[in-house]
Structure formats: structure tokens, C-alpha cells
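Engineer: Sequence:
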Amino acid sequence: MRRLVLLLSAVVAVDTMFYTALAPLLPHFASRYGLTKSTAGALSAMYAVGVLAASVPGGIAASRFGPKRAVLVGVAFTAAASLGFGFATDAGSLGAARLAQGLGSAFSWAGALAWLVAASPPGRRGTLIGTAMGAAVFGALLGPALGAVATVAGIQATFLAVSAAGALLCALLATAPGTPARPQRLSALRRADSRLLAALWLVVLPALLFGVLTVLVPLKLHALGWGGVAIGALFLVTAAIETALNPLLGRLTDLHGRTQPVRLALIGSIAVSIALAWAGSAAFLAVLVIAAGIAYGSFYTPGMALVSDSAERNGISQGLAFGVMNLGWSLGAVIGPAAGGALAQSAGDVLPYLLLAGICLATLAYSQPRSRPSSA
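This note's numbering puts the last residue of the sequence shown at 473; the count rises by one with no breaks.
Worth flagging that the hints you see were computed from the coordinates, not collected in a lab. Worth double-checking, as some hints may not be accurate.
Claimed, not checked - With a cut-off of at most 20 Å between alpha-carbon atoms, the simulated SDA-like pairs for lysine to any residue come out as follows: (1) LYS317 - PHE381; (2) LYS317 - VAL384; (3) LYS317 - ALA330.
Unchecked claim - Just the calculated beta-carbon pair ranges, DEER-fashion: (4) ALA436 - VAL384: 23 to 29 Å; (5) ARG129 - ARG99: 39 to 45 Å; (6) ALA258 - GLY322: 18 to 24 Å; (7) TRP375 - SER141: 24 to 30 Å; (8) GLY329 - ALA261: 26 to 32 Å; (9) PRO124 - ALA271: 34 to 40 Å; (10) LEU294 - LEU451: 21 to 27 Å; (11) LEU294 - ALA341: 26 to 32 Å; (12) ALA268 - SER190: 25 to 31 Å; (13) ALA258 - SER141: 20 to 26 Å.
Note that the Cβ used here is the ideal one computed from N, Cα and C, for glycine as well.
Given the sequences, and given the hints that come with them, work out the whole structure.
Structural biologist: Here is the structure:
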């Protein structure tokens, strides 16, 4: 079991590493291919577009052919896309490779989480999901470092090595014991009840929250005199705390139920979002970013555990449920930055942060009548 957890943690870490590796390389690509801010933004968004497009197919594949095969397809696709990214010759081929990385990620995540849940011992589901989420955040930490290495060692050499590592990971995964397929049609989602929909929302919500935060905070800190290195260090520290936090959250949900961490995350997110709306100094804003990382990041592990629990209760395969979860995350990851940036451009930063606080408050109010029954 330990070997399987390590392998699947490596899968999600590699996925998130690719997601965040682009940032240090954007100036290089902008200079080499004449990218504008809008085309650079489109290039960055292609990963989430790929996840959005392949979320449901990835979930169906994990259900119909088994989680192991879905993971193998996802990792192989990502490795090939990384090779294409390294040898891209224009903005169009870069965008296509970035899109393909997102497509592979959708298969990898749906399969990895379904595989992990299927193999997990009783009472440890939340702990193992938290471990996977900690690995995912760790991968997000490594992504900018990978991009920085590529600027020194060369993009082709770096991504060729990464692609080879992906091929090695595929070989290791192929030797791991799989779990049986549970073929289901997409119509099985009609069995979804309000609890499953609420659990899916707990994955969409932090994607929205982080989407707004990662657009508005760097711009505000830059206006207050911070440089790129200092801003990057702040988000690095925040992500490091999240890496350590997620396994602890998973253990907490196994011991005391799923809803308590969610309520605390909602209360914290309301307070932090309101404070962000009127943060005036760079030092205070930096403290709030770390607090937001803890509050916003505390939704994922209990939310994913609730998705898994609710899917099992409704007779929906884990692969299909996690595929739909990927769809929800990608929608939040696309809408959050776009809507937050547009609202801030037209009305200032206060409005999007207050809207986030209002959304969290509405979610907290909705969850109250449902907090009494067992959440496991």
C-alpha cells in the first residue's frame, strides 16, 4: 500500500508541477514569439482548458477500463506533451502542448484518486486523499523551479529529461497491482443527490478563491513595491504550509468527520476575504496571503473525501465521480481569474473579495442544516 501511495502521489505531483512550470518561462516565450499579455494569458489557460475538456472522458475511462489504465494513459500523454512542449517552435505548438498536458492531467487525476480510494483500508480514505493533495501542492512548489532550471539548462534538454522521467513512472505504475474496473454509463450521474453536489462545490469553491487571489495579490504587491522574487517567495512559503497541512486535514476528517474542517475553512475564508478587500500595507497583505492559503486550501481534502463518500453511497463509480470533480475544479480555475480580474479592473479589488466572502457565507448558511447527520 505504501508503494502505491508513493507512486500515485508522484503522479499528481508531476501533474501540478507541469501546471506551475510555465510562469518562469513566460518572459522567454513572450520575447521569442512576440506574445502579448492576452496571448500569454491564453497560453497559460490552455492547461485548464485541457482539463475541462477531458474531465468527463477521463472519469469514464477510469470507470470503464479501470483506474490503473486511466492513470497510465494520463501519464503517458503528459510525458509526450512535455516532449512536445520542449521542442515547440512557435506559440501555436506551445499552446497545443499545454492543452495536451491538461488532457493528460484529467485522466491521471481521475484514475489516481479512484485507484487510491479503491485500495485504501477502511477508515483511512481522508488520510490518503490528504497525502495525495499534499503531494500535489509539493508538485506545485517544484513547478517554478523546473521552469527556472529550463531557463539555464535549456528548454529542450529539461523537458526531454522530464519526459523520460514520465516514461519511467509509467513503467513503475505498470507493475503495481490494479483494482477492478467498474463500468458505468454517464447516466449513472443521475443518482447524484444534494450531498454529492455540495461536495463537488467544495472543490469548485477553492478554485474560485485561489483564482482571484493569484491574480489580484501579485498586482497589488507589485504596486506596493515588491519585486518578483519576493512575491514568488511568499507564495512558496504559503504552498509549503499547505503541503504539510493536507495530510493532517485528511487524518482529522477520518477521526472526526468531514464537515468540521469545512465549516472552519468557510469561517476562515470569510474573514480573510473581507480583510483582503481593505488590506493597505504590503506586510499585512503578505500575512493575509498565508492565512488565505490555509483557509482556502483546507477545502480540498475534506471536499474530495466527501465526493468519494457521496459517490459510494449513491452507487456512482469513483472514477466517474472524480472525473466530474475535475470538471468542477477546471471551471473554477478558468472563471475565478477571469471574473476576478475583470471585476477588479472595472470596480476595484474590494468588490471581488467581498463577493468571495459572500459566496463563502452563503455556503456556510447552506451547510448548517446538513451538519448534524454523519458526514462520513
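Engineer: To test your reading of the hints: which numbers does this structure violate?
Structural biologist: 6
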